[in-house]
Amino acid sequence: MDKLPLKEKRASEISAELGASDELLIAYLEGDLPPAKAQELRARLLSDPALRGEYDALKAIAEASVELTREGAPPDFLEQVQGRICQASDGQFFGEGAAKRAFLPSRYELFSAAMILLIAAAWILGGSPRDRSLRHVDMASPPPLQTSHSASLPR
Amino acid sequence: MDDPLERELIRALRRRDEAAFTELVRAYQHKVFAVVYRIVGDREEAEDVAQEVFVAVFKYIDSFRGSSKFSTWLYRIAVNRAKNRVKYLARRARAKHQTFEESSEAQARDSGGYQSLPGPDERAMGNELNRIINAGLRALSQEHREVVVLRDVEDLSYQEIAQVLELAEGTVKSRLYRARAALKAYVDAQYAPKRTPKIPAQEGSEGADK
Chain A
1 MDKLPLKEKR ASEISAELGA SDELLIAYLE GDLPPAKAQE LRARLLSDPA
51 LRGEYDALKA IAEASVELTR EGAPPDFLEQ VQGRICQASD GQFFGEGAAK
101 RAFLPSRYEL FSAAMILLIA AAWILGGSPR DRSLRHVDMA SPPPLQTSHS
151 ASLPR
Chain B
1 MDDPLERELI RALRRRDEAA FTELVRAYQH KVFAVVYRIV GDREEAEDVA
51 QEVFVAVFKY IDSFRGSSKF STWLYRIAVN RAKNRVKYLA RRARAKHQTF
101 EESSEAQARD SGGYQSLPGP DERAMGNELN RIINAGLRAL SQEHREVVVL
151 RDVEDLSYQE IAQVLELAEG TVKSRLYRAR AALKAYVDAQ YAPKRTPKIP
201 AQEGSEGADK
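Going down the list, the protein sequences come from chains A and B.
Per our numbering, the very first residue in the first sequence carries number 1; after that it's consecutive.
Per our numbering, the very first residue in the second sequence carries number 1; after that it's consecutive.
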């Protein structure tokens, strides 16, 4: 394996000879070893501190590499993409007033739809709501007109 | 392509359904960005390339035949665009470097007027091992880096990586092994001048992780 200070090397020169133990350890880390060989290697790792050190180093590097990839797109990424498409299509897509609704209904939309269905079902089954404190009013015969004159008029 | 939801999404994309496209970007933006960023190595450039990837999907969705998973096709576009950008940046850097060498600023640099400053990502990265691995990934050859990135970003299988990169599975495996070994050699070399390699590892951590 190359042990020279690589800071001074050009990026394109960086490579490593794949030794037999490296290959075995990487295969183990990648889950490529058959169970019997994996078992054998586990036993060797317990008894060989140098090999264990190599394994720990490879494992730590692989884990750190996974860790590094958790870089997210910026919050305005979607708007930027839509803006580019709008520009490229002369406003045919993602222009002003273009539909921005999600492909699948959101949680709020599903909840709203469920509530509307529930109210509609209650309305159909139970009829329109009534206020029981209201007195019945006979709409056919209007109430008598109350004026100052009406009190002195003979009945 | 067995997933009915994915089939429906592709159909909607072919109709240039804006809502479907919005859903697609929301679902894949971080994954695509992560792949592109690790290959390109510069956040601003990666944002630009990742945006280009989705614009290309919107334009060329009709060329997706459905012979592979949609995500495989998407990653293939992302990797190819990122590789092209790396080549372009390398050409531009060479041209700039030549101009710079000819200028008087080069003299100032040679006399110790400039120091190598860490990039914003490196400054933010408190962990020394992370910083070194970040640099190590950038220092890997293009073909090694893309295999590591595809494996580590999404935990893609050898078969999926082979489809994305249009390589044989055996080639993917050997590249990944060599890339892991090269990365370890890089880390060892960074620690070697100061002390014996000492890399944080969890006690009792055994067994294959993938």
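Don't take every hint at face value.
[To be verified] Here are some, though not all, of the chain A residues that point toward chain B, as calculated from beta-carbon distances under 7 Å:
# : residue
1 : I26
2 : S47
3 : P49
4 : A64
5 : P75
6 : L78
7 : R84
8 : C86
Don't read these hints as lab results, they were simulated from the structure.
Positions of the beta carbon are idealized from the N, C-alpha and C atoms, including for glycine.
Hint check results:
no. : hint : verdict
1   : I26  : holds (5 Å)
2   : S47  : violated (13 Å)
3   : P49  : violated (12 Å)
4   : A64  : holds (5 Å)
5   : P75  : violated (10 Å)
6   : L78  : holds (5 Å)
7   : R84  : holds (5 Å)
8   : C86  : violated (10 Å)
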